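Using the sequences and the hints given, assemble the complete structure.
Residue numbers (this note's numbering): 225 to 312.
Please note that a few of the clues may not be correct.
The calculated lysine-lysine pairs, modelled on DSS-like cross-linking and capped at a C-alpha distance of 30 Å, are [said to hold, decoys possible]:
(1) 307 / 241
(2) 240 / 307
(3) 307 / 261
Quick list of the computed label-pair ranges, beta carbon to beta carbon [what the hints assert, rightly or not]:
(4) 293 / 237: 17 to 23 Å
(5) 241 / 287: 17 to 23 Å
(6) 284 / 246: 17 to 23 Å
(7) 253 / 231: 30 to 36 Å
(8) 230 / 265: 29 to 35 Å
(9) 261 / 226: 31 to 37 Å
(10) 288 / 257: 16 to 22 Å
(11) 266 / 237: 31 to 37 Å
(12) 277 / 243: 23 to 29 Å
(13) 266 / 243: 18 to 24 Å
(14) 259 / 307: 28 to 34 Å
Hints are computed from structural coordinates only; laboratory data are not their basis. Values in this document were obtained by computation on a predicted structure and should not be read as measured data. Where a beta carbon is used, it is the ideal one built from N, C-alpha and C, also for glycine.
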Amino acid sequence: MSSIYYISEKADALIKKYDTRDPLALCRELRIRVRYKDLGTAVKAYYFYQSRIKNIVLNSRSGSIVQRVLCAHELGHAVLHGKLASAN
225 MSSIYYISEK
235 ADALIKKYDT
245 RDPLALCREL
255 RIRVRYKDLG
265 TAVKAYYFYQ
275 SRIKNIVLNS
285 RSGSIVQRVL
295 CAHELGHAVL
305 HGKLASAN
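So, in C-alpha cells, the structure goes:
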C-alpha cells in the first residue's frame, strides 16, 4: 500500500467516524490539545507528545484559515506518528 493511499484512508476514516472535516473539531474528538502561541516568524506550528498527551501548537500570528491548514497538517503527525515526537 502506498503512503499517500494509507494517509488518505486514515483521513477518510476519521472524517467518516466523527462526521466532520474540521481539524480543530477532530482534535477535540481525539483529545489532542491545541494551543496558540506567538512563535515568531520562522515557526508556524509543531506537534509533540508529552506526559501521555498529544499536543499541537499553532502560531498565534497566523490567520485563522492558515491555522486550520496547519492544524490539519499537525493532526496528520499526531495520528500517523503518535508518540514519535516525544518531549519526555
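Against the structure, the hints come out as follows:
Taking the CA atoms of residue 307 and residue 241, the gap is about 22 Å. The hint holds against a cut of 30 Å. Simply put, residue 240 and residue 307 have alpha-carbon atoms about 24 Å apart, close enough for the 30 Å limit, and the pair holds. Restraint check for residue 307 and residue 261: the C-alpha separation of about 22 Å stays at or below 30 Å, so the hint holds. Separation of residue 293 from residue 237 is about 20 Å and conforms to the stated range, judged on CB atoms against 17 to 23 Å.
In this structure the hint that residue 241 and residue 287 lie 17 to 23 Å apart at CB is violated, the actual value being about 29 Å. Remark: the range hint 17 to 23 Å for residue 284 to residue 246 is upheld by a beta-carbon distance near 19 Å. Taking 30 to 36 Å as the suggested C-beta distance range, the pair residue 253 and residue 231 does not conform, at roughly 19 Å. Separation of residue 230 from residue 265 is about 33 Å and conforms to the stated range, judged on CB atoms against 29 to 35 Å.
Range check, residue 261 to residue 226: Cβ separation about 35 Å, and the 31 to 37 Å hint holds. In this structure, residue 288 and residue 257 meet the distance hint of 16 to 22 Å, their C-beta atoms being roughly 19 Å apart. Taking 31 to 37 Å as the suggested C-beta distance range, the pair residue 266 and residue 237 conforms, at roughly 34 Å. At roughly 25 Å, the beta carbons of residue 277 and residue 243 sit within the given window of 23 to 29 Å.
Between residue 266 and residue 243, the C-beta spacing of about 36 Å breaks the proposed range 18 to 24 Å. Distance hint check: the CB atoms of residue 259 and residue 307 are about 19 Å apart, inconsistent with the given range 28 to 34 Å.
The structure is inconsistent with the numbered hints 5, 7, 13 and 14, although it conforms to all the rest.
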